[in-house]
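Heads up: the protein sequence lines correspond to chains A and B, in order.
With the numbering used here applied, the first sequence closes on residue 172, and no number is skipped along the way.
With the numbering used here applied, the second sequence closes on residue 314, and no number is skipped along the way.
In case anyone wonders, no lab produced these hints; they're calculated from the structure.
Computed from a prediction, not measured in an experiment: that's the story for all the values here.
You may find that some hints are simply not true.
As the list claims (entries may be wrong) - SDA-like, lysine to any residue: derived pairs with alpha carbons at most 25 Å apart:
1) Lys164(A) x Gly313(B)
2) Lys308(B) x Asn83(A)
3) Lys314(B) x Phe208(B)
4) Lys81(A) x Gly253(B)
5) Lys94(A) x Lys277(B)
6) Lys289(B) x Glu104(A)
7) Lys66(A) x Thr249(B)
8) Lys81(A) x Tyr149(A)
Unchecked claim - Just a sample of chain A residues kept apart from chain B, beta carbon distances all over 12 Å, derived:
9) Ser121
10) Gln124
11) Lys133
12) Ile136
13) Val138
14) Val143
15) Gly146
16) His162
17) Gly169
Said to hold, decoys possible - Per label pair, the in silico range of CB-to-CB distance:
18) Glu106(A) x Ile257(B): 14 to 22 Å
19) Thr278(B) x Lys66(A): 33 to 41 Å
20) Lys251(B) x Val102(A): 57 to 65 Å
21) Ile14(A) x Lys227(B): 22 to 30 Å
22) Val102(A) x Ala255(B): 23 to 31 Å
23) Gly214(B) x Ala12(A): 53 to 61 Å
24) Phe182(B) x Asp91(A): 40 to 48 Å
25) Glu68(A) x Glu312(B): 29 to 37 Å
26) Lys94(A) x Gln238(B): 55 to 63 Å
27) Gln124(A) x Phe182(B): 40 to 48 Å
28) Lys81(A) x Arg236(B): 20 to 28 Å
Note that beta-carbon positions come from the ideal geometry of N, C-alpha and C, so glycine has one too.
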Amino acid sequence: MANAKAMLRLVAVIWVATLTAYSQQPSSTAPAQSIEPSAQSDARPGTGSEQESKTVPAGSRVFVAKMEGGFETYVIAGLQKKNVPVVVVADRDKADFEISGVSESEKAGWAKMLFMGSQQSREQSSIKVVNIKTGIVVFAYSVNKGNSYRGKQSAGEACAKHIKEKIEGKQN
Amino acid sequence: MLYKVAVCAFLLYLLMQGTVGLAQQPNAIPAGSRVFIAPMDGFETYLKAALDKKKVPLVVVDSREQADFEITGTSETQKAGAAKIIIMGSWHSREEASVKVTNLKTSEIAFAYSVHKENSAHGKQSSAEACAKHLKEKIEGK
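Could you build all of it, start to finish, from the sequences and the hints given here?
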């Protein structure tokens, strides 16, 4: 009986410890693939950790800055749609990285409809990802779609897809 | 003794599974949550109507302080011009909208969605209902 009580106490302690440990982890389910963002605060340009400071670890917290035309919402939706392993936060102070950029849309005019038979818009966007602590631009991407099937949504998802490739190490 | 150890180990395993499952759903939107819809140049009205029409299990409140989540976003409408009507044979408007749902306590984005309709049969209503439908799917875990 005494042994059973001791075992139950041990189980309870381990469970509380596990609950505490998981509640302190980043929200993303993807495991970290490289150095945690907090470790990048010691990185300095030109040092051996310069390469590491240009990575975007999975599970990082990112803040998407306001962009003209509300494009930041399309980027956030793209990050979710493409299952990019980052946690998007609405408060810059809580973020490790900041995504900012510009976006431009050009609607199809009569000439495009008449001669090209296309009513789809032309989308141009460019984003950059900056490490908030070090100020280093870790990633940047531009997209231009002459006939965007889904307008800003397509441009937002293209940016998200390439951010994901950067995180997964498929891009330098 | 061995039997007791095995039972405790199994119990611990079950508890950890539940704990991990709970910890891995920080961006879940529980049914019945109170949401505040921020002004979006009038699109918020369409969104409120859509949440009602699609029977999304959320409580819409008028005050941000009373809410658990906040819905913000953007919407754009382009009415069909003469060229589109004559050349493409369509008088439907082009609709684009994007919304995000923010957890006000943690500041994390719980959900985001973009919709684009080249020929929207019901204009902003269609795009709002698309957002509401996918939000409902998120809440229901689909």
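Run through the hints listed earlier and report the numbers of any the structure violates, in increasing order. 4, 9, 19, 20, 21, 26, 27
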